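Residue numbers (the working numbering), protein chains in the order written: chain A, 1 to 442; chain B, 1 to 442.
Derived from the structure by calculation, the hints contain no laboratory data. Small disclaimer: the values here were computed from a predicted structure and weren't measured. Be careful, since some hints might not be right.
Taking beta-carbon pairs under 10 Å as the criterion, some of the chain B residues facing chain A (in silico) [as the list claims (entries may be wrong)]: (1) N93; (2) G154; (3) M301.
Built from N, CA and C at the ideal position, the CB exists for glycine as well.
Protein chains: 2
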Amino acid sequence: MSTDLMPNRYRPGETVLPARESQLIARRDGVLGASYRLQYRRPVHFVRGEGMWLYDPDGRAYLDFYNNVPSLGHCHPEVTAAMAEQASQISANTRYLEPRLVDYAERLVETFPNEIDRVVFTCTGSESNDLALRVARYASGNEGVIVSSYAYHGTSAAVAEVSPNLGDAVKLSPNVRMIALPGPEGVPDDQAADFFEAQIRSAIQDLNRRGIGVAALLIDSIFSSDGVWVDPPGFIAGGVAAVREGGGLFIADEVQPGFGRTGDHMWGFERHGVVPDLVTLGKPMGNGYPIGAVVGRQGPMELFGAIARYSNTFAGNTVGIATADAVLTILKRDRILQNALATGQYLRAGLEQMAKQHDGIRAIRNAGLFLGVDMAREGTPAAGRRGMALDVVNAMRDDGVLISTTGANEDTLKVRPPLVCQTEHADLFLASLERALVKVAG
Amino acid sequence: MSTDLMPNRYRPGETVLPARESQLIARRDGVLGASYRLQYRRPVHFVRGEGMWLYDPDGRAYLDFYNNVPSLGHCHPEVTAAMAEQASQISANTRYLEPRLVDYAERLVETFPNEIDRVVFTCTGSESNDLALRVARYASGNEGVIVSSYAYHGTSAAVAEVSPNLGDAVKLSPNVRMIALPGPEGVPDDQAADFFEAQIRSAIQDLNRRGIGVAALLIDSIFSSDGVWVDPPGFIAGGVAAVREGGGLFIADEVQPGFGRTGDHMWGFERHGVVPDLVTLGKPMGNGYPIGAVVGRQGPMELFGAIARYSNTFAGNTVGIATADAVLTILKRDRILQNALATGQYLRAGLEQMAKQHDGIRAIRNAGLFLGVDMAREGTPAAGRRGMALDVVNAMRDDGVLISTTGANEDTLKVRPPLVCQTEHADLFLASLERALVKVAG
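If we strip away everything but chain A, and leave its shape as in the complex, we get:
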């Protein structure tokens, strides 16, 4: 496992920058401090965004294959207009009657299987996961949480302590259990489901033996921070059933896969043919406006709501709702899922073609427009694989294309463009990746 928590970042002294930038960074460090890290060896600065493109102060265009928050494209004019229009009329909170709040909640719930019919709004994905854990603990009466071995679920105290991805310095809860995924362990597809389920059963047994019990299996169904492990479809189903048998809830963290990124479905869990008890939403829900939600089954949601007040000042305010409503309308009207599926397939085909010519690509995985591309040939040591991935990412950044890395060893390219990505953008990305591979690996 990487000891550097954010390998793809600027390190003072490593890169010589123009005075304008180094002076700004010095001021930044002086007031924002160590929590704030800049992406890329040579940080980027953008003054304008439009669709798939970001522009720096000199007018240079960068193709965005990384940002999943503006999934309808940067500064989508209809989304911005919906937000501005509502903000100029009224921003009511949820303690006032507000038809738009109810309308949107109903529209949102309709995109889920019938069993899932309740929603509580939040402002961020972290708040969604934090709330979902609270609900699961009330509903189950248990405290234990099962996550994947390199999971990241957010920043609050309760979710940080079930996020092994944050590294050794952030203490894990005594109530969390990590399970290895079949993919990174090299388990063949036909044994993946059994491998996954067996570990979950073993984790539950251990939690029970200690009187902790299982409150929830909390997973991102495309396992993005573990390195994008999406196949085989359905491999999580037996594990989900085991958690329910043990009295726990299944929480699908859809902050990354949700709202159509996987292309074949609106929600990532659908790929696996399972229906969660609770689903957590965030990032692309408002195309950048801070809004999230917990969507779930009536039983646990009502049980929690009846006994524990949950009042989130900003969450569900009319401006956020109007913005998210515009996003959902455009997502359907512009057939964004179909585009994510088609462009994802096109990208994958291009990558597979490239892998035949460059042995720097070890494996390719994707669901729609979330792709993981493992760097370096089989047998390369971990540090070498990570070094190559970082070199490729930064060569592409210098070439005007934005991606980053993921996975336990951070040697997987994380390719996650806005969902409006077209084949013309895919071609530009593929050409840039090819140049980077030639430059880095020869």
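We have chain A; now place chain B onto it with these hints.
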């Protein structure tokens, strides 16, 4: 203590509503569920907001003396324009170089005493308090938290468990200690500081005896959910010193008093002549846009930032920063603090005059434009006091003026208008309160 967690609310069956509203409420209950409660016996519905006023679908105007989020007034055109303009240009995250982020962080920090020079952005006050507790626990190496006996600090798991205000159904942490405030206990002003400090020393001793230690004293310096207890200035200083002696940090929760509400200062803690280690911000920071922050001393902030990654997707995005920047500019340019102080004094004088004529007013407390008005004459049983407060609040609602209740017994009127409140608005409020007192108490 009240057994009803939100006494001022709509209860199905208690009020007969028009079909349009009761149908909407039925749909609302069906999708949003039990977590969502409507304020007032007869819920309100607004379609337009402007300055101090909210308008219902029939065009009826309501004077807002309750909402502290839009502290510059509802739908402030300059704030909305700043948000819309930035959203149409770029919304960059904090991993990209962004001069506006640094500029605003510097401007914000300048409003604090010199010792406080670092900022980390969040999206909500709950996220701010959750992060501040994480920082305090890392910096102190301890786990214990001291709060006031009816404190509310937010919705995340970690802050809910140190928020006794949430009631018996929400379990408190074994690491939290509650202290009674001198005011509600009837302690004279000249003994208030000693009373406060003695309890804190006793709490620390108990935490140490159990090996928990004290990580933080977490208080809202106007103790809004305890019923607005602001005097005597300085009474918390000895308790703060005791916490530091014990190895803990002082966290000032400025979500309610901050950004000038107390009128005499930008930050509520300044009233007490103390300098916190960490300060948490939220509600009015973006006049409604979801943005908050933890501002603090370099020592604990850098210690946390260096070891624990804190990456909050939406927090510090350029749109939120541009919005908060416009708020700070207007706050200074329009002399909002001076207005809060002057109008607060005017309101208090009017209330004191009224108290001479109506024995329904037991006590009046305020700091700037946060006022607490205790209902019912001395000796009235708790249920009677709460009932009167609720009757007054709902009579005023029917009269077109919005306030609510606070305090352990919810028998204190919570009067908290936007900070642009003028004497003409104060006059309207006072006249409505007088009508309500006559109606309710005769």
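Here is how each hint holds up against the structure:
This hint holds: B:N93 has a C-beta 8 Å from the nearest C-beta of chain A, less than the 10 Å allowed. Checking B:G154 against chain A: minimum C-beta separation of about 9 Å stays under 10 Å; hint holds. This hint holds: B:M301 has a C-beta 5 Å from the nearest C-beta of chain A, less than the 10 Å allowed.
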